[in-house]
Amino acid sequence: MRSFEYARPETEAEALELLSEHGGNTAVLAGGTDLMNLLKRDVIQPARVVDIKSVSSWRGIKPHDGGVMIGANTTLDEINEHAIAADYRSLIDVIDGIRAIQITANGTLAGDLCQLPHCWYFRNGYGLLAMKDGESLVATGDNRYHAILGNSGPAKFVSASRFAPPAIAWNAKVRLVTQTRSVSEGVEAMSVKEEWLPLEYFFLTPKTNSQGVTVLKPGQLITHLWLPAASDTRSATYEVLELNGLDQPQASAACCLGLDGGIVRQAKIVLGHVAPTPWIAHEAAKWLVGQQITSDIAETAGRMALAKATPLSHNDYKVQMAQTAVKRALLKATNQLHETL
Amino acid sequence: MRDLRDESIPQNGSGFNRRDFLRGSGAAVAVTALATSEQGAVAQDAKKSVRTAEPQDITLNVNGKDHKVKVENRVTLLDTLRDDLNHTGCKDVCDTTNCGACTVLIDGKVTYACTRLAVECVGKKITTVESLAANDPVIAGFVKHDAMQCGFCTPGFVMATKAFCDKNPGATLDQVRKGLGGNICRCGTYAGIAACAMELVTKGGK
Numbered sequence: 101m102r103s104f105e106y107a108r109p110e111t112e113a114e115a116l117e118l119l120s121e122h123g124g125n126t127a128v129l130a131g132g133t134d135l136m137n138l139l140k141r142d143v144i145q146p147a148r149v150v151d152i153k154s155v156s157s158w159r160g161i162k163p164h165d166g167g168v169m170i171g172a173n174t175t176l177d178e179i180n181e182h183a184i185a186a187d188y189r190s191l192i193d194v195i196d197g198i199r200a201i202q203i204t205a206n207g208t209l210a211g212d213l214c215q216l217p218h219c220w221y222f223r224n225g226y227g228l229l230a231m232k233d234g235e236s237l238v239a240t241g242d243n244r245y246h247a248i249l250g251n252s253g254p255a256k257f258v259s260a261s262r263f264a265p266p267a268i269a270w271n272a273k274v275r276l277v278t279q280t281r282s283v284s285e286g287v288e289a290m291s292v293k294e295e296w297l298p299l300e301y302f303f304l305t306p307k308t309n310s311q312g313v314t315v316l317k318p319g320q321l322i323t324h325l326w327l328p329a330a331s332d333t334r335s336a337t338y339e340v341l342e343l344n345g346l347d348q349p350q351a352s353a354a355c356c357l358g359l360d361g362g363i364v365r366q367a368k369i370v371l372g373h374v375a376p377t378p379w380i381a382h383e384a385a386k387w388l389v390g391q392q393i394t395s396d397i398a399e400t401a402g403r404m405a406l407a408k409a410t411p412l413s414h415n416d417y418k419v420q421m422a423q424t425a426v427k428r429a430l431l432k433a434t435n436q437l438h439e440t441l
Numbered sequence: 023m024r025d026l027r028d029e030s031i032p033q034n035g036s037g038f039n040r041r042d043f044l045r046g047s048g049a050a051v052a053v054t055a056l057a058t059s060e061q062g063a064v065a066q067d068a069k070k071s072v073r074t075a076e077p078q079d080i081t082l083n084v085n086g087k088d089h090k091v092k093v094e095n096r097v098t099l100l101d102t103l104r105d106d107l108n109h110t111g112c113k114d115v116c117d118t119t120n121c122g123a124c125t126v127l128i129d130g131k132v133t134y135a136c137t138r139l140a141v142e143c144v145g146k147k148i149t150t151v152e153s154l155a156a157n158d159p160v161i162a163g164f165v166k167h168d169a170m171q172c173g174f175c176t177p178g179f180v181m182a183t184k185a186f187c188d189k190n191p192g193a194t195l196d197q198v199r200k201g202l203g204g205n206i207c208r209c210g211t212y213a214g215i216a217a218c219a220m221e222l223v224t225k226g227g228k
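Chains as they are written, first to last, in our numbering: chain F, 101 to 441; chain S, 23 to 228.
What the hints contain is simulated information worked out from the structure, not anything from laboratory work. A portion of the hints provided could be inaccurate.
[Said to hold, decoys possible] Only pairs whose alpha carbons sit at most 30 Å apart, straight line, appear in this in silico DSBU-like list of lysine-lysine:
| hint | chain 1 | residue 1 | chain 2 | residue 2 |
| --- | --- | --- | --- | --- |
| 1 | F | K153 | F | K307 |
| 2 | F | K153 | S | K225 |
| 3 | F | K153 | S | K189 |
| 4 | F | K153 | S | K147 |
| 5 | S | K131 | F | K153 |
| 6 | F | K153 | S | K200 |
| 7 | S | K166 | F | K153 |
| 8 | F | K162 | S | K225 |
| 9 | F | K153 | S | K92 |
| 10 | F | K162 | S | K189 |
| 11 | F | K140 | S | K90 |
| 12 | F | K140 | S | K131 |
| 13 | F | K162 | S | K147 |
| 14 | S | K92 | F | K140 |
| 15 | F | K307 | S | K200 |
[What the hints assert, rightly or not] Chain S stretches covered by chain F per the calculated footprint, using a threshold of three residues with CB under 8 Å from any CB of chain F:
| hint | segment |
| --- | --- |
| 16 | 78 to 87 |
| 17 | 147 to 158 |
| 18 | 198 to 204 |
| 19 | 208 to 219 |
Here the structure is a predicted model, which is why all the values come from computation and not from measurement. By construction, the Cβ of each residue, glycine as well, lies at the ideal position given by its N, Cα and C atoms.
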């Protein structure tokens, strides 16, 4: 690990000032699960690490604007043990799949959203696009865990976030803040710029190695995630896990369904780990409206969601996995998924 | 209670062992490091409480005892515990948040020591496997159920098992297996560890 400065602010204003210095070449430390690995592998070289765990206003779960607001410092265990766990099942499905008490005790939802891709070319220093001599190492190399959708451009990694698919299906928003500097009549003033962004617009597919995987600008961070009122929306996430350990899912699907007498009135389906960003299956969700979820209907929705898949040389197996993830998420949300499946 | 780190207890018949030898040679290196780092120390920016990158004195509370140690910000808690504070119970195996051999408790929260910077732990209570008495129920359970083979993963597994069982009395076998999924044993002693954990959660985690 390279050397860096370390700071542990206690207020939002202090944290934002610390993050904005060094030209924004700073890193946010919460649970540390991803950041420490990035630092050890020298994938990122921040001049300063800002430990945000002591910023108390970024911790906890509170009602906000008709829904709930989860602070960036709230751990997965705290979410799992909170009363909201009963309402937002699809988020709890993901926590349930993280088979390490060390990670659920320390990891945070915002930290998961900001994970960098686990693509082995990226983690070994070839950049997000993994290009060498003008050629994509992914396209010609070992791409078994890479994208099967949205991979026609140079980015072929998959989005690493496990909570983004369910949170986007819930139409979650994130609060992004940054410090801005203004000079008025010769007096310099600092202010906090706040923005609530729908989470589905948070993720980007980079076209060059200098672009990132999210809209976050230097010195900017997520401080809260907002979820709309759950009312009687049904939700579920189904992750296809390779083994029973800590590996990333090979594919996942999350859905939120509004039902009326067993008939779908509203649907949103989001896939994870299949594209450089979480992947919203608009057409499949639209087709579900007016239908009753059965095993056949769920299977067809899965096929529709993957109809435009363009697998690489070694990952066509993921298409079937993602289709099945959609099917099982829909069945799980409607209490039709049985353990024998 | 037997302190596992008590140097007055002979480790073997010859009065000489590998750990003491390594401990002695490590100390000599540490002294050299301290002497050269003195000049690099820079005062903190008090206003913003930014720690500069140079080695600085910090105090870590390990198993109820304060230890002063000079570290750089980039040093993990795992390396500090093992290399500076001689708490070699937590093991450095994968160093990438996968294997669990470095598991310790920080303010009671079960944590991979490889994902924590030592400076992050200032003001917190760190509990390592060395704090457990030889007759601790988890250790006794590991012995009873033959839950170790080479032993390298064992300290991490013991700490994870302790944390899991204290928090989840009445857990099912599935929950035990999932709860301890963050630890890996290459010898494959999982059945023994699960049996030990099941006995503990059935007794109410104590």
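Hints, one by one, checked against the model:
For the hint linking F/K153 to F/K307, the alpha-carbon distance of about 33 Å lies beyond 30 Å, and the restraint is violated. Restraint check: the Cα-Cα separation between F/K153 and S/K225 comes to about 35 Å, which exceeds 30 Å; the hinted pair is violated. Taking the CA atoms of F/K153 and S/K189, the gap is near 23 Å; set against the 30 Å cutoff, the hint holds. Distance hint between F/K153 and S/K147 is fulfilled; the C-alpha atoms sit about 16 Å from each other, no more than 30 Å.
With a C-alpha separation of about 14 Å, the suggested pair S/K131 and F/K153 falls inside the 30 Å cut-off, and the hint holds. A threshold of 30 Å between alpha carbons decides the hint, and for F/K153 with S/K200 the separation of about 27 Å falls inside it, so the pair holds. A threshold of 30 Å between alpha carbons decides the hint, and for S/K166 with F/K153 the separation of about 40 Å lies outside it, so the pair is violated. Distance restraint check for F/K162 and S/K225: the Cα-Cα separation of roughly 36 Å exceeds the 30 Å cut-off, and the hinted pair is therefore not satisfied.
The straight-line distance between the Cα atoms of F/K153 and S/K92 is roughly 23 Å, inside the 30 Å bound, and the hint therefore holds. Our distance criterion of 30 Å between C-alpha atoms is met by F/K162 and S/K189, whose separation comes to about 25 Å. Note on F/K140 and S/K90: the hinted pairing holds, with a Cα-Cα distance of about 25 Å set against a maximum of 30 Å. Straight-line distance between C-alpha atoms of F/K140 and S/K131 comes to about 23 Å, which keeps the hinted pair within the 30 Å bound.
The hinted pair formed by F/K162 and S/K147 meets the criterion: a straight-line CA distance of about 28 Å does not exceed 30 Å. The suggested pairing of S/K92 with F/K140 holds, with an alpha-carbon distance near 20 Å, which does not exceed 30 Å. For the proposed pair F/K307 and S/K200, the alpha carbon gap of about 39 Å is over 30 Å, so the pair is violated. Counting residues of the segment 78 to 87 of chain S whose beta-carbon sits less than 8 Å from any beta-carbon of chain F gives 0, not enough to reach three: the coverage restraint is violated.
For the segment 147 to 158 of chain S, the stated coverage by chain F is not satisfied: 0 residues place a CB nearer than 8 Å to a CB of that chain, which falls below the threshold of 3. For a cut-off of 8 Å, the count of residues in the segment 198 to 204 of chain S with a CB near a CB of chain F stands at 6, and the three-residue condition holds. Judged by the Cβ-Cβ criterion of 8 Å, the segment 208 to 219 of chain S is not covered by chain F as claimed, because only 0 of its residues qualify and three are needed.
Figure legend: structure checked against the earlier numbered hints; hints not met, in rising order: 1, 2, 7, 8, 15, 16, 17 and 19.
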